[in-house]
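2 protein chains.
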Amino acid sequence: MDGRRSGDIAGISAPGRIAGPAEGISPEELALAARNHGMPLEALSYDLTPAGLHYVLVHYDIPAAAGDTGAWTLSVDGRVRTPLTLDLAALRSFPAVTHRVTMECAGNGRARLKPRPVSQPWLVEAVGTAEWTGVPLRILLAECGVQPDAVEAVFTGADHGVERGVEQDYQRSLPVADATSGDPEVLVAYGMNGGPLPPQHGCPLRLVVPGWYGMAHVKWLRGITLVDTPFEGFQQKVAYRYKQSADDPGVPVTRIAPRALMIPPGFPDFMSRTRVVRPGPVHLEGRAWSGRAPVTRVDVSWDEGDSWHEAGLDPPDGHDWAWRRWRATWTAEPGSHVLSARATDASGDAQPVDQPWNRGGFGNNLVQRVAVHCLPADDASV
Amino acid sequence: MDGRRSGDIAGISAPGRIAGPAEGISPEELALAARNHGMPLEALSYDLTPAGLHYVLVHYDIPAAAGDTGAWTLSVDGRVRTPLTLDLAALRSFPAVTHRVTMECAGNGRARLKPRPVSQPWLVEAVGTAEWTGVPLRILLAECGVQPDAVEAVFTGADHGVERGVEQDYQRSLPVADATSGDPEVLVAYGMNGGPLPPQHGCPLRLVVPGWYGMAHVKWLRGITLVDTPFEGFQQKVAYRYKQSADDPGVPVTRIAPRALMIPPGFPDFMSRTRVVRPGPVHLEGRAWSGRAPVTRVDVSWDEGDSWHEAGLDPPDGHDWAWRRWRATWTAEPGSHVLSARATDASGDAQPVDQPWNRGGFGNNLVQRVAVHCLPADDASV
Chain Z
25 MDGRRSGDIA
35 GISAPGRIAG
45 PAEGISPEEL
55 ALAARNHGMP
65 LEALSYDLTP
75 AGLHYVLVHY
85 DIPAAAGDTG
95 AWTLSVDGRV
105 RTPLTLDLAA
115 LRSFPAVTHR
125 VTMECAGNGR
135 ARLKPRPVSQ
145 PWLVEAVGTA
155 EWTGVPLRIL
165 LAECGVQPDA
175 VEAVFTGADH
185 GVERGVEQDY
195 QRSLPVADAT
205 SGDPEVLVAY
215 GMNGGPLPPQ
225 HGCPLRLVVP
235 GWYGMAHVKW
245 LRGITLVDTP
255 FEGFQQKVAY
265 RYKQSADDPG
275 VPVTRIAPRA
285 LMIPPGFPDF
295 MSRTRVVRPG
305 PVHLEGRAWS
315 GRAPVTRVDV
325 SWDEGDSWHE
335 AGLDPPDGHD
345 WAWRRWRATW
355 TAEPGSHVLS
365 ARATDASGDA
375 QPVDQPWNRG
385 GFGNNLVQRV
395 AVHCLPADDA
405 SV
Chain G
25 MDGRRSGDIA
35 GISAPGRIAG
45 PAEGISPEEL
55 ALAARNHGMP
65 LEALSYDLTP
75 AGLHYVLVHY
85 DIPAAAGDTG
95 AWTLSVDGRV
105 RTPLTLDLAA
115 LRSFPAVTHR
125 VTMECAGNGR
135 ARLKPRPVSQ
145 PWLVEAVGTA
155 EWTGVPLRIL
165 LAECGVQPDA
175 VEAVFTGADH
185 GVERGVEQDY
195 QRSLPVADAT
205 SGDPEVLVAY
215 GMNGGPLPPQ
225 HGCPLRLVVP
235 GWYGMAHVKW
245 LRGITLVDTP
255 FEGFQQKVAY
265 RYKQSADDPG
275 VPVTRIAPRA
285 LMIPPGFPDF
295 MSRTRVVRPG
305 PVHLEGRAWS
315 GRAPVTRVDV
325 SWDEGDSWHE
335 AGLDPPDGHD
345 WAWRRWRATW
355 TAEPGSHVLS
365 ARATDASGDA
375 QPVDQPWNRG
385 GFGNNLVQRV
395 AVHCLPADDA
405 SV
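Order-wise, the sequence lines are chains Z and G. Numbering-wise, the first sequence is residues 25 to 406 according to the numbering used here. Numbering-wise, the second sequence is residues 25 to 406 according to the numbering used here.
Hints are computed from structural coordinates only; laboratory data are not their basis. Any given hint could be a false lead.
Copies of the same chain are indistinguishable here, so a pair counts whether it falls within one copy or spans any two.
Lysine to any residue pairs mimicking SDA-like chemistry, simulated, CA-CA at most 25 Å apart [claimed, not checked]:
hint	residue 1	residue 2
1	Lys267	Asp373
2	Lys138	Val121
3	Lys138	Glu52
4	Lys267	Val121
5	Lys267	Trp354
6	Lys261	Gly215
7	Lys138	Ala46
8	Lys138	Gly218
9	Lys261	Phe291
10	Lys267	Asp330
11	Lys267	Gly384
12	Lys138	Glu47
13	Lys138	Pro107
14	Lys267	Ser296
15	Lys261	Ser296
16	Lys138	Gly215
17	Lys138	Gly336
18	Lys261	Thr355
19	Lys261	Gln195
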């Protein structure tokens, strides 16, 4: 079912493209933005993002069978000694583990790029943090016995659609070393924040790959196949690659680049989302994360990046694959300001202040810009 | 706190405007679309929309205090004999009632209008159905004793922001007759689908006004004030009115106009959302609702509205303020098609086939269009 392509079905997909210099968001991009959604930035206040506020990206449709958990099975096959077919009861019979994981869409930041790659038009808010409960993938794979010649595990979801002319079930692979790692430990998850998975988050089963962008966390998981040659499906070989041009084979998108986001201070204007504050000390707070190494530093700027001030970072709490809170105080003066925050991780990676452009619009962790208007001290409004 | 306006704060809001003929969706509209979200149309399959799939529109921010339910109080004052201040425990001591209600944003359909009013750019998916649990407002008002000279109840939420230069807490009013009605019965709700209200749906308290567009269902409710003159706040007098021009005083937006929506059949292309089906019988299914009178008929078209075919409608189930399921069968033939559904209610109102334009982009219940491509019978893909 993966990768079939006929002339007729190819005709319904437009080729990938870059928006023109003066081109607004297209009706197709808007249709994606109306379905998928980011996390309202005030929800950075929560350690765990409540249901419905965590970002969601669904490539095709939420499968109709997502609610029918009684009949759901997960097959593990291919280059294994003992293929398995497991229902939910069988998965729940393994010892359960829970990991707190910050998940971010690889396309987060895409709509801020100039020129803009035309796809799901994220600004900065395609993120969320949850506690995922399930079975470590390494335990399941040990149960099956991975053959020595296996190089990758291919994960197949139940969501089905067409992308650039290719009809497919959503599929992604991981190298065997990543699939069997103990840190980060990949999960076959059936729970989110203490409850079952909601339909849009993969009910009844999904993969969780701590530290990796969202495309790796295959939802509505129904099959795991060990293969002896690298997987070349659409989502691995064509999409989700850092490319500079259409014919550049590119580099695979894998782990999450560092990013800090701020809870926009004060209160907003409805339409422009410009923030309003009053003069004096303003508490700034947000979260920072990286899927490459722990965040070690966050800096804040209130002059469009001319100067940076180190923020206070909460101490490590044992959740190495989840965001960390940071805090700073800004003394607001009347007028217009642009606030930014910038994360640095233990590998030395820091968020760029110039956009890291690529044709797919992946991994754009350019620093956030928050427009703030500080009222005069004698302003009559309350 | 409502309606204060100073020259300085007014400067951060752009005036209401209509997009130019070739103008794409603006960055400001995109920022709203990334925060707020519709219901993915495949979720029309559920009687009750699961958490996170119900549409959400937040004018300003989700209040930071939304989680602090222990300290929350609701005041009822103004033209009443006995003003009350109630905490959640006091509200829960009244007998609880539960109503199943379909809620829709008044701006649903706005981004399909030509020309397009610039605001939250909904296509068709700003809808959802939930069971809301709480105290009937008429019981609370009877407890307080509404004075004979009261004409309206004004509801104040905790969300605070600026809109077209006016700093405000979100506020809306209802005539006393609507506020004290037994059918539809207005609720002060603290529960949604059997759990507490999620933050984005008004935790810990919201108003639910069955049959009315979403703007009436004030979230994060903290005050109810009975007044002896009609309320003239921004959301009542300026916004949420059907106007043909900027200086038209307009007509208030109140009840939900009839609408039918279809679960898009087959499977989608990622970017265009065009649907793919194979030749033969295709099951069509969706929901229809009206806040004015029960839906009595749904018609379906598969030839862009040239001909219409009556769909089967589920029998009434006692949930008069919630959507009803409809079903039809279409025999798909190879080629491109546009499918539509059209609801008619007991008052004789039917969805228009020509857009009902107004300057705010409210109540656009123009029939849905679903682009479907039917593959040839001998297509090679599976």
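Evaluated hints:
1. Proximity of Lys267 to Asp373 under the C-alpha cut-off of 25 Å is restricted to the intra-copy arrangement: shortest distance 20 Å within a copy versus 53 Å between copies.
2. Proximity of Lys138 and Val121 under a CA criterion of 25 Å is satisfied in neither setting, with 42 Å inside one chain copy and 53 Å between copies.
3. Taking the shortest Cα distances, Lys138 and Glu52 sit within 25 Å of each other both inside one copy (19 Å) and across copies (16 Å).
4. In this assembly of identical chains, Lys267 and Val121 lie within 25 Å of each other by CA distance neither inside one copy nor across copies; the values are 37 Å within and 57 Å between.
5. Proximity of Lys267 and Trp354 under a CA criterion of 25 Å is satisfied in neither setting, with 39 Å inside one chain copy and 43 Å between copies.
6. Proximity of Lys261 to Gly215 under the C-alpha cut-off of 25 Å is found in neither arrangement, the shortest distances being 30 Å within a copy and 46 Å between copies.
7. Both within a single protomer and between protomers do Lys138 and Ala46 lie at most 25 Å apart by alpha-carbon distance, with minima of 10 Å and 20 Å respectively.
8. In the homo-oligomer, the alpha carbons of Lys138 and Gly218 never lie at most 25 Å apart, since the shortest distance is 41 Å inside one protomer and 46 Å across protomers.
9. Only between protomers do Lys261 and Phe291 lie at most 25 Å apart by alpha-carbon distance; the minimum there is 22 Å, versus 44 Å within a single protomer.
10. In the homo-oligomer, the alpha carbons of Lys267 and Asp330 never lie at most 25 Å apart, since the shortest distance is 31 Å inside one protomer and 46 Å across protomers.
11. Taking the shortest alpha-carbon separations for Lys267 and Gly384, only the intra-copy value of 7 Å comes in at or below 25 Å, while the best inter-copy value is 42 Å.
12. Taking CA atoms no more than 25 Å apart as the test, Lys138 paired with Glu47 passes in both settings, with 11 Å inside one copy and 18 Å between copies.
13. In the homo-oligomer, the alpha carbons of Lys138 and Pro107 never lie at most 25 Å apart, since the shortest distance is 48 Å inside one protomer and 57 Å across protomers.
14. For a Cα distance limit of 25 Å, the shortest separation of Lys267 from Ser296 across copies, 22 Å, qualifies, whereas the shortest one inside one copy, 33 Å, does not.
15. In the homo-oligomer, the alpha carbons of Lys261 and Ser296 lie at most 25 Å apart only across protomers (21 Å), although the nearest pairing inside one protomer, at 39 Å, exceeds that limit.
16. Taking CA atoms no more than 25 Å apart as the test, Lys138 paired with Gly215 passes in neither setting, with 39 Å inside one copy and 44 Å between copies.
17. Taking the shortest alpha-carbon separations for Lys138 and Gly336, neither the intra-copy value of 32 Å nor the inter-copy value of 49 Å comes in at or below 25 Å.
18. Taking identical chains as interchangeable, the C-alpha atoms of Lys261 and Thr355 are never at most 25 Å apart, the minima being 49 Å within one chain and 37 Å between chains.
19. With identical chains, the CA atoms of Lys261 and Gln195 are at most 25 Å apart within one copy only, with a shortest distance of 11 Å there and 52 Å across copies.
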